[in-house]
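*Asks:* Given chain A's structure and the hints, the job is docking chain B onto it.
Residue numbers (my numbering), protein chains in the order written: chain A, 1 to 195; chain B, 1 to 195.
Rather than coming from a laboratory, the hints here were simulated on the basis of the structure. Since this is a predicted model, take the numbers as computed values, not measurements. No false leads were slipped in.
Since the list gives no way to pick out one identical chain from another, each pair is judged satisfied if it fits inside one copy or across any two copies.
Listed below are the simulated DSBU-like cross-link pairs for lysine-lysine, each with C-alpha atoms no more than 30 Å apart in a straight line:
id, residue 1, residue 2
1, K187, K13
2, K57, K111
3, K165, K13
4, K57, K193
5, K193, K13
6, K57, K29
7, K57, K187
8, K61, K187
9, K165, K106
2 protein chains.
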Amino acid sequence: MEILLATGNAHKKLELSEIMPQHTFLTPKDLGINFDHEETGLTFLDNAQGKALALQKITGKPVLADDSGICVPALGGAPGIYSARYGSNPGEPDLESPQRNALLLKNMEGKEDRSAFFVCAMTLVFGEFRHYTIQETIEGVLTTEPAGVGGFGYDPLFFLPDYGKTIAEIPAEEKNRISHRGRAGSKMAELLKDL
Amino acid sequence: MEILLATGNAHKKLELSEIMPQHTFLTPKDLGINFDHEETGLTFLDNAQGKALALQKITGKPVLADDSGICVPALGGAPGIYSARYGSNPGEPDLESPQRNALLLKNMEGKEDRSAFFVCAMTLVFGEFRHYTIQETIEGVLTTEPAGVGGFGYDPLFFLPDYGKTIAEIPAEEKNRISHRGRAGSKMAELLKDL
Numbered sequence: 001m002e003i004l005l006a007t008g009n010a011h012k013k014l015e016l017s018e019i020m021p022q023h024t025f026l027t028p029k030d031l032g033i034n035f036d037h038e039e040t041g042l043t044f045l046d047n048a049q050g051k052a053l054a055l056q057k058i059t060g061k062p063v064l065a066d067d068s069g070i071c072v073p074a075l076g077g078a079p080g081i082y083s084a085r086y087g088s089n090p091g092e093p094d095l096e097s098p099q100r101n102a103l104l105l106k107n108m109e110g111k112e113d114r115s116a117f118f119v120c121a122m123t124l125v126f127g128e129f130r131h132y133t134i135q136e137t138i139e140g141v142l143t144t145e146p147a148g149v150g151g152f153g154y155d156p157l158f159f160l161p162d163y164g165k166t167i168a169e170i171p172a173e174e175k176n177r178i179s180h181r182g183r184a185g186s187k188m189a190e191l192l193k194d195l
Numbered sequence: 001m002e003i004l005l006a007t008g009n010a011h012k013k014l015e016l017s018e019i020m021p022q023h024t025f026l027t028p029k030d031l032g033i034n035f036d037h038e039e040t041g042l043t044f045l046d047n048a049q050g051k052a053l054a055l056q057k058i059t060g061k062p063v064l065a066d067d068s069g070i071c072v073p074a075l076g077g078a079p080g081i082y083s084a085r086y087g088s089n090p091g092e093p094d095l096e097s098p099q100r101n102a103l104l105l106k107n108m109e110g111k112e113d114r115s116a117f118f119v120c121a122m123t124l125v126f127g128e129f130r131h132y133t134i135q136e137t138i139e140g141v142l143t144t145e146p147a148g149v150g151g152f153g154y155d156p157l158f159f160l161p162d163y164g165k166t167i168a169e170i171p172a173e174e175k176n177r178i179s180h181r182g183r184a185g186s187k188m189a190e191l192l193k194d195l
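If we strip away everything but chain A, and leave its shape as in the complex, we get:
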């Protein structure tokens, strides 16, 4: 199925293409659409559903939106839905990923509880009243310095005790099998099989 992505994030597009290889993903840009949706939700679910519904309304096409981030209990759940904008002020461009990671590590200095979890809310909309949302999560522990070059975003800080490695150090196929986005995406693919 041809699915329009409500994202301009090339990393997410690549991962989704790997997780759901039976589908073809387009971005708004591929259709010549300038989709600049302001994320006003207070939860991953709100944001994913809001983006997907907005783009479906504009295009009439099946739309997939992914809202994801890292939540750190010792920081009261931050960065959470602000993961991509962590450390930047309103109106300013987002920090680059290594700067955000450095900021997160700095904010964790002296914290005893270094547990963290990734969350991915994924919504597929076929029409105003047919949609599926899957929210999945994966638990880990924050490292004290980045390790690994795979994945993107906070992956080099996210240590998986079962693997003895960060998510950025395990193969993409393995990440896509166990990650928040991988779990959500493979469940979504199952739902699409019957359509």
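*Replies:* Coordinates of chain B only, in the frame set by chain A:
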């Protein structure tokens, strides 16, 4: 799996048990819990997710919530999320189903477009950050008088052109295969297979 339902509606419990026979459904009452959640959402999705999250928070158990209703374009989408309360004033008890049906037919007098659709938003929550939401729909046409004794709610008014019958006139197994709730429930059952 033992799943707690965020509803006191016996009809919904029965239908869900038929649609997902591999699972056991309990109500808050079965656990001695008085769950009286005020529905403040503006969409089926909001309401289903709100109810499910609230009851999961109280109990820690896997919770399923279903928010559903009938939408009539000629009435601007009414009764919509107010389907169960249609025609009753705040603070008053809800009308009985036959009274609501009579009111809907009365409000449709003289309308040319008698199309209608049922919507079911179903949310399953396993923990604060793992949940699945499926929203499904079925399209039909409003009759001018009730027909059939199966199902519940607005079913006797909901005519399916492909069957030449109302949903209340077709066997429960068939309703459960094609209805908004049946479609959402069978997709949900698919997602639960792997857990």
